[in-house]
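Visitor: Protein sequences appear in the order of chains S and W. 323 is the number of the first residue of the first sequence in our numbering; add one for each residue after it. 48 is the number of the first residue of the second sequence in our numbering; add one for each residue after it.
The hints are simulated quantities; they were obtained by calculation from the structure and are not laboratory data. Please read all numbers here as calculations on a predicted model, not as lab measurements. Keep in mind that a hint or two might mislead.
Unchecked claim - Calculated pairs, DSSO-like style, for lysine-lysine (alpha carbon to alpha carbon, straight line, at most 27 Å):
{"#": "1", "chain 1": "W", "residue 1": "K376", "chain 2": "S", "residue 2": "K355"}
{"#": "2", "chain 1": "S", "residue 1": "K355", "chain 2": "S", "residue 2": "K371"}
{"#": "3", "chain 1": "S", "residue 1": "K355", "chain 2": "W", "residue 2": "K391"}
{"#": "4", "chain 1": "W", "residue 1": "K223", "chain 2": "S", "residue 2": "K361"}
{"#": "5", "chain 1": "W", "residue 1": "K260", "chain 2": "S", "residue 2": "K355"}
Stated by the list, open to error - Examples of chain W residues toward chain S, derived with CB under 8 Å:
{"#": "6", "residue": "S85"}
{"#": "7", "residue": "T89"}
{"#": "8", "residue": "F200"}
{"#": "9", "residue": "K296"}
Note that the Cβ used here is the ideal one computed from N, Cα and C, for glycine as well.
As a plain string of letters, each chain reads:
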Amino acid sequence: MNTEKKNILIVDDDMDYLSQLELQVKGMGYEVKTARDEKEAEEALDQGKPDLAIIDLMMENKDSGFILSYKMKKKFPSMPIIIASAVTSETGLNFGLETEEDKKWIHADKFLEKGIRRDQLEREISKLLKL
Amino acid sequence: MVSLNVLVVDDEPGIRSGINRILRNYTVGYPFMEEDFSFELTDADTGEKALEILKEKKMDIILLDNKLPGMDGIEVLEYINKNQIDVSVMMITSYASLELAVKATNNGAYNFVPKPFTPDELRTAMEGITKNLFLKRMTKQMDQAGKQVRFQFLSVLSHELKSPINAVEGYLNIMKDKQVGDDIGDYATMIDRSIERIKGMRNLIMDLLDLTKLESGKKVREVKPTDITEIARLAMDTIEPMAIQRNVKVYLDTPENMVFKADADEIEIIFNNLISNAVKYNKEGGQVHISVRAEDNSLKIKVEDTGIGMDEDELARLFQEFVRIKNAKTRNITGSGLGLSIVKKLVENSYSGQITASSAPDEGTTFTVVLNKSTNP
């Protein structure tokens with residue numbers, strides 16, 4: 323059993339969603355850092371490697387999340403990344419990350435819909451952290 | 048030059064070669080079509096043969112004789128109709144009967160040419176069918192483009208409507224589970240934020256209604272001499288509470304009783320959007336200067352602020368639907384992202400006017416609107 327708390331970075335430009343997610347993830351027993359845009363996220367990364375990152379897809383730009391996850395993977399290849407977005411259910415677009423082809427260009431480990439249940443999120447996080 | 052594939056179905060070789068001669072060097076052009084059309088001909092002597100060709104090659108036009116040795120023209124037409132083949136059919140018939148005409152038209156024939164026909168009659172008929180074909184295709188293309196834009200609009204809209212619902216729902220769930228304890232005081236921020244998000248959503252819905260009225264043209268416009276100064280004051284009053292909260296001073300510079308022929312509701316929408324933006328995107332202790340002037344048959348409105356301003360890239364995207372300039376300075380400002388696109392539509396469509404913006408980061412933004420005589424009253 324790990325004695326030290328795992329560190330999770332959450333990036334979202336919707337301050338309400340950000341604070342709610344922060345509360346939830348803290349409630350699961352993790353240390354949480356938050357960032358509200360690409361720049362803040364990169365600053366947070368400069369201070370050390372989080373154990374996992376959850377980032378929003380649509381921030382300043384429609385594809386901010388993809389760009390950010392690309393940069394994160396370049397810096398910390400082993401850090402798991404979850405992209406959370408409301409995009410799938412709204413546009414009917416589906417980007418799963420199931421095939422190797424998808425993983426090549428979307429540099430994230432998991433693509434989750436926003437508004438997923440707390441227990442689901444908790445399961446996904448522990449799976450990616452291999453707890 | 049665009050070449051159209053024409054299938055000639057007739058059992059008489061003389062007719063087939065006659066049509067070939069007449070259409071070989073014939074082209075159709077109209078001022079509104081970018082290119083001229085010429086005709087590439089293929090022959091069939093029976094209906095059965097025609098169907099075989101149709102299965103293999105895309106045809107644009109069929110010249111179809113009704114009296115054929117095997118299956119007749121109407122049967123060919125029925126086949127085309129049943130299989131939804133996209134082709135314009137012109138029937139060639141020696142004995143035009145009402146019964147045949149009705150049957151053929153029901154099956155989607157575009158036109159009839161009586162047999163025997165003169166070269167000019169055939170050319171005139173081809174000209175008509177080509178124009179029809181062109182317009183049909185253009186309409187289809189425009190419908191598709193329209194649907195695409197609509198789909199994008201709706202998907203962004205649903206995102207903008209769902210975000211506040213998600214936020215409020217999230218806070219309510221936290222409260223329901225009493226995640227931060229039993230004291231309601233500890234939830235004050237969450238309650239305030241929920242109210243704030245609901246307000247934002249109400250504004251979005253109001254803006255959407257404005258937009259829908261504009262787009263459908265359903266709203267009855269009332270264009271008459273209107274006191275513009277009075278409307279500007281009204282808009283300032285509406286925005287005053289927000290201005291006080293943000294410690295922004297709003298100044299109006301306009302001659303008394305300035306009258307211009309316009310729809311009062313539309314002018315109010317323009318003022319409301321421009322002034323509320325100037326207050327929202329301002330700095331603590333900032334200023335907003337509104338000036339209104341009449342210049343020969345036109346009205347010039349200028350709204351100047353000493354706010355956060357924006358850079359060239361942001362300026363370029365400003366008038367698009369649902370574009371909100373997102374950066375560290377704007378993230379606590381709520382807005383639907385529709386206001387300026389509504390103003391632009393109004394100014395351009397209803398007053399054949401223009402709206403322009405100039406801006407410098409950290410110095411401020413100036414919007415200039417010029418309204419001309421109201422159009423389509």
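Visitor: Would the hint linking S:K355 and W:K391 be met if the CA-CA limit is 27 Å?
Guide: 41 Å, violated
Visitor: Taking 8 Å as the limit, does the beta-carbon of W:S85 come near enough to a beta-carbon in chain S?
Guide: Result: violated, 42 Å to nearest chain S Cβ.
Visitor: Next item in the hint list is W:K296. Is there a CB on chain S closer than 8 Å to its CB?
Guide: 28 Å, violated
Visitor: Grab the minimum C-beta distance from W:T89 to chain S and call the hint holds if it beats 8 Å, violated otherwise.
Guide: 42 Å, violated
Visitor: Please work out if W:K376 and S:K355 have their alpha carbons no farther apart than 27 Å.
Guide: Between W:K376 and S:K355 the Cα gap is close to 21 Å, so the pair holds against 27 Å.
Visitor: Compare the distance between the alpha carbons of W:K260 and S:K355 with 27 Å, and conclude whether the hinted pair is satisfied.
Guide: Violated, because 45 Å separates the two Cα atoms, which is more than 27 Å.
Visitor: Can the restraint linking S:K355 and S:K371 be considered satisfied, given a maximum Cα separation of 27 Å?
Guide: Given that 27 Å is the threshold and the Cα spacing comes to 11 Å, the pair holds.
Visitor: Can you confirm whether the C-alpha distance between W:K223 and S:K361 stays at or below 27 Å?
Guide: At roughly 35 Å apart (the allowed maximum being 27 Å), S:K361 and W:K223 break the hint.
Visitor: At a threshold of 8 Å, is the proposed contact between W:F200 and chain S supported by beta-carbon distances?
Guide: 12 Å, violated
The structure does not agree with the numbered hints 3, 4, 5, 6, 7, 8, 9 stated previously, though it agrees with the rest.
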